[in-house]
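Asker: These protein sequence lines map, in sequence, to chains Z and X.
Letter 128 of the first sequence, counting from 1, is numbered 128 in my numbering, and no numbers are missing.
Letter 77 of the second sequence, counting from 1, is numbered 77 in my numbering, and no numbers are missing.
To be clear, the hints were calculated from the coordinates, so they are not data collected in a lab.
One thing to keep in mind: the hints can contain errors.
Claimed, not checked - If you want the ones that stay clear, here's a sample from chain X, every Cβ over 10 Å from chain Z, calculated:
id, residue
1, Met95
2, Arg161
3, Trp302
4, Gln314
Stated by the list, open to error - Computed footprint of chain X on chain Z, listed as stretches where at least three residues anywhere in the stretch have a Cβ under 8 Å from a Cβ of chain X:
id, segment
5, 64-71
6, 75-84
7, 130-137
8, 225-238
9, 267-273
Every residue gets a Cβ at the ideal spot worked out from N, C-alpha and C, and that includes glycine.
2 protein chains.
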Amino acid sequence: MTRKILITGGAGFIGSHLARRLLSEGEEVTVMDNLFTGTKVNIYDLLDNPRFTFMLHDVTHPFWGQFDEIYNLACPASPIHYQRNPVETIKTSFMGMMNVLDLALKTKARVFHTSTSEIYGDPEVHPQPESYWGNVNTLGTRSCYDEGKRAAETLCADYLREYNVDVRMVRIFNTYGPSMHPQDGRVISNFVMQALHDKDITLYGDGSQTRSFQYVDDLIEAGMRLMRLDRAKLDRFFAGRGMTVPVVNVGNPDEYTIRQLADETLRQLPASKSQMVFQPLPKDDPRRRKPDITLAAELLGWSPKIPLREGLAQTIAYFRGLQ
Amino acid sequence: MTRKILITGGAGFIGSHLARRLLSEGEEVTVMDNLFTGTKVNIYDLLDNPRFTFMLHDVTHPFWGQFDEIYNLACPASPIHYQRNPVETIKTSFMGMMNVLDLALKTKARVFHTSTSEIYGDPEVHPQPESYWGNVNTLGTRSCYDEGKRAAETLCADYLREYNVDVRMVRIFNTYGPSMHPQDGRVISNFVMQALHDKDITLYGDGSQTRSFQYVDDLIEAGMRLMRLDRAKLDRFFAGRGMTVPVVNVGNPDEYTIRQLADETLRQLPASKSQMVFQPLPKDDPRRRKPDITLAAELLGWSPKIPLREGLAQTIAYFRGLQ
Chain Z
1 MTRKILITGG AGFIGSHLAR RLLSEGEEVT VMDNLFTGTK VNIYDLLDNP
51 RFTFMLHDVT HPFWGQFDEI YNLACPASPI HYQRNPVETI KTSFMGMMNV
101 LDLALKTKAR VFHTSTSEIY GDPEVHPQPE SYWGNVNTLG TRSCYDEGKR
151 AAETLCADYL REYNVDVRMV RIFNTYGPSM HPQDGRVISN FVMQALHDKD
201 ITLYGDGSQT RSFQYVDDLI EAGMRLMRLD RAKLDRFFAG RGMTVPVVNV
251 GNPDEYTIRQ LADETLRQLP ASKSQMVFQP LPKDDPRRRK PDITLAAELL
301 GWSPKIPLRE GLAQTIAYFR GLQ
Chain X
1 MTRKILITGG AGFIGSHLAR RLLSEGEEVT VMDNLFTGTK VNIYDLLDNP
51 RFTFMLHDVT HPFWGQFDEI YNLACPASPI HYQRNPVETI KTSFMGMMNV
101 LDLALKTKAR VFHTSTSEIY GDPEVHPQPE SYWGNVNTLG TRSCYDEGKR
151 AAETLCADYL REYNVDVRMV RIFNTYGPSM HPQDGRVISN FVMQALHDKD
201 ITLYGDGSQT RSFQYVDDLI EAGMRLMRLD RAKLDRFFAG RGMTVPVVNV
251 GNPDEYTIRQ LADETLRQLP ASKSQMVFQP LPKDDPRRRK PDITLAAELL
301 GWSPKIPLRE GLAQTIAYFR GLQ
């Protein structure tokens with residue numbers, strides 16, 4: 001039977017991939033977005049699908065609708081965007097989550113919440129398992145995002161324990177692919193855009209800090225599997241591991257240094273005249289982040305399939321098409 | 001000139017002490033409280049003061065008023081209370097803070113926010129300086145309080161940086177004294193009530209975990225001094241220490257084991273027939289917490305003055321009077 005599905009932030013990078021995937025599986029999809037960082041361009045091909053609806057609305061204001069599932073993706077995720085209006089960022093994260101959970105409570109919708117590796121902050125444990133509590137500054141310029149996302153997780157845990165809302169969380173690690181915002185400010189879009197425009201490729205610090213890069217299709221696959229799991233099975237799985245809240249890391253554990261990423265970008269764009277330049281490391285920048293995906297493998301039989309080389313080629317093709 | 005002052009949560013333990021102190025200094029005081037854990041009993045002696053107003057209102061709903069200063073104390077602070085409705089607890093912390101800051105932004109009120117040592121969680125650094133980021137579980141049963149308070153700090157930091165709201169924060173460590181809730185569930189009220197009623201004195205674990213206990217008058221004195229500081233001086237002080245947000249630990253660094261506290265309680269109540277009993281340590285219970293108050297000493301010329309023996313005697317006298 002066709003499911004009615006709401007995606008908050010559905011005109012964003014990840015949300016639009018999710019909408020496309022769910023439509024391809026025959027579901028009825030409503031995308032809610034305030035178009036702050038999301039854009040109609042990302043969902044333009046979906047607008048004439050009779051099973052698709054776009055709803056211009058800000059998730060911080062209450063809303064109503066009868067949905068079987070709600071995917072909560074609404075929140076600017078790149079520092080360049082979320083620091084433009086920090087108060088709005090933390091409000092989006094917290095009040096958006098609250099509105100989603102309130103609606104789910106009243107309509108018995110299943111909730112998928114996209115948390116983030118940022119809740120681990122600057123981790124002292126490597127790689128990070130779901131049981132790691134994180135190392136986050138409450139007062140820094142990244143806090144509006146990090147603490148907003150931490151408080152959203154707490155809301156999920158409490159709506160689950162207090163009201164039995166069927167909520168499932170993923171902590172997403174660095175994800176990239178077509179439909180990324182070209183001025184996203186994060187490393188893959190930066191490097192590709194710089195290389196395409198023959199501009200200097202900017203590395204912070206000495207470029208030896210590592211990141212893991214997950215191609216967006218791998219993330220969507222994990223999310224689909226998590227949402228299709230039977231509730232009783234899910235509860236047993238987590239209870240057996242001493243966890244009261246279903247949360248799984250979803251990311252690609254292959255580590256690359258920022259320098260390696262720059263090298264691979266230039267290798268794929270041999271005509272580029274770009275040079276690498278080095279700048280000081282910004283304050284509060286996490287030095288190292290890598291998911292422990294044991295739990296996702298056990299629960300979902302999932303692991304990332306798309307290597308950086310291949311995903312990067314797709315992403316470069318997308319950015320080239322924007323020109 | 002008389003200041004107009006709002007205290008959210010002003011019918012609670014600390015809020016009522018603050019109201020009394022501000023009235024004694026000639027200020028005009030409005031106490032807002034939803035009376036969830038606060039009680040009219042705490043402010044009964046103030047009700048006929050023409051400079052005092054009580055306002056029955058829940059801080060999670062917007063409100064309006066022209067005040068020179070707002071003291072934000074609204075939030076149940078003991079696990080037994082804040083875990084009764086965890087969703088409401090985190091909402092109180094986050095939305096209450098947002099409503100206070102929104103009002104302050106529009107009316108140019110100075111804001112005093114009571115944060116908490118709970119934002120340090122189960123600390124891996126001892127004692128805890130303001131620069132310590134904390135070790136908090138986002139998904140535990142204490143998270144509604146801890147993460148709510150962390151997010152409230154972030155809101156303060158962002159309203160200050162983004163809108164220049166004059167906000168000053170204290171991170172309060174364990175505080176006790178007359179007007180504590182007798183069923184507060186925390187250790188001092190537990191021990192005194194148990195000893196007064198000849199019931200077993202319950203220690204968790206082996207009682208070797210330490211706590212620092214601050215008498216309420218010491219806290220109020222620190223708060224008064226912080227709020228009377230000139231803004232420019234305050235900014236210089238923190239900027240000189242590489243901090244963008246004024247926050248100070250306020251607590252008593254004298255450490256006592258829970259066992260020592262039980263001994264002192266029984267020493268002061270020699271007629272009590274209570275016996276000590278030992279129970280397993282609850283999950284997520286912080287093992288050790290002690291403030292580093294260097295910053296408060298330098299900024300406010302303040303240190304706690306009232307020893308445990310004396311404060312405990314006052315508290316016992318109060319609880320005895322309730323019988």
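Asker: All hints are to be evaluated individually against the structure, with a verdict given for each.
Answerer: Right, here's what the structure says about each hint:
Distance to chain Z contradicts Met95(X) as a non-interface residue, since its nearest Cβ pair spans about 8 Å, not more than 10 Å. Remark: the non-interface label on Arg161(X) conflicts with the geometry, its nearest Cβ contact in chain Z lying 7 Å away (cut-off 10 Å). A cut-off of 10 Å between C-beta atoms confirms that Trp302(X) is not in contact with chain Z; the least separation is 21 Å. Look at Gln314(X): its CB is around 33 Å from the nearest CB on chain Z, clear of 10 Å, so calling it non-interface holds up.
Three residues within the 8 Å Cβ limit are the bar, and the segment 64-71 of chain Z against chain X gives 0, so the coverage statement is violated. For the segment 75-84 of chain Z, the assignment as covered by chain X is violated, since 0 residues bring a beta-carbon within under 8 Å of that chain's beta-carbons and 3 are needed. Interface restraint, the segment 130-137 of chain Z with chain X: holds (5 residues with C-beta to C-beta distance below 8 Å; minimum three). Note: the segment 225-238 of chain Z has 0 residues with beta-carbon separation from chain X under 8 Å; the three-residue rule is not met and the coverage is violated.
For the segment 267-273 of chain Z, the assignment as covered by chain X is violated, since 0 residues bring a beta-carbon within under 8 Å of that chain's beta-carbons and 3 are needed.
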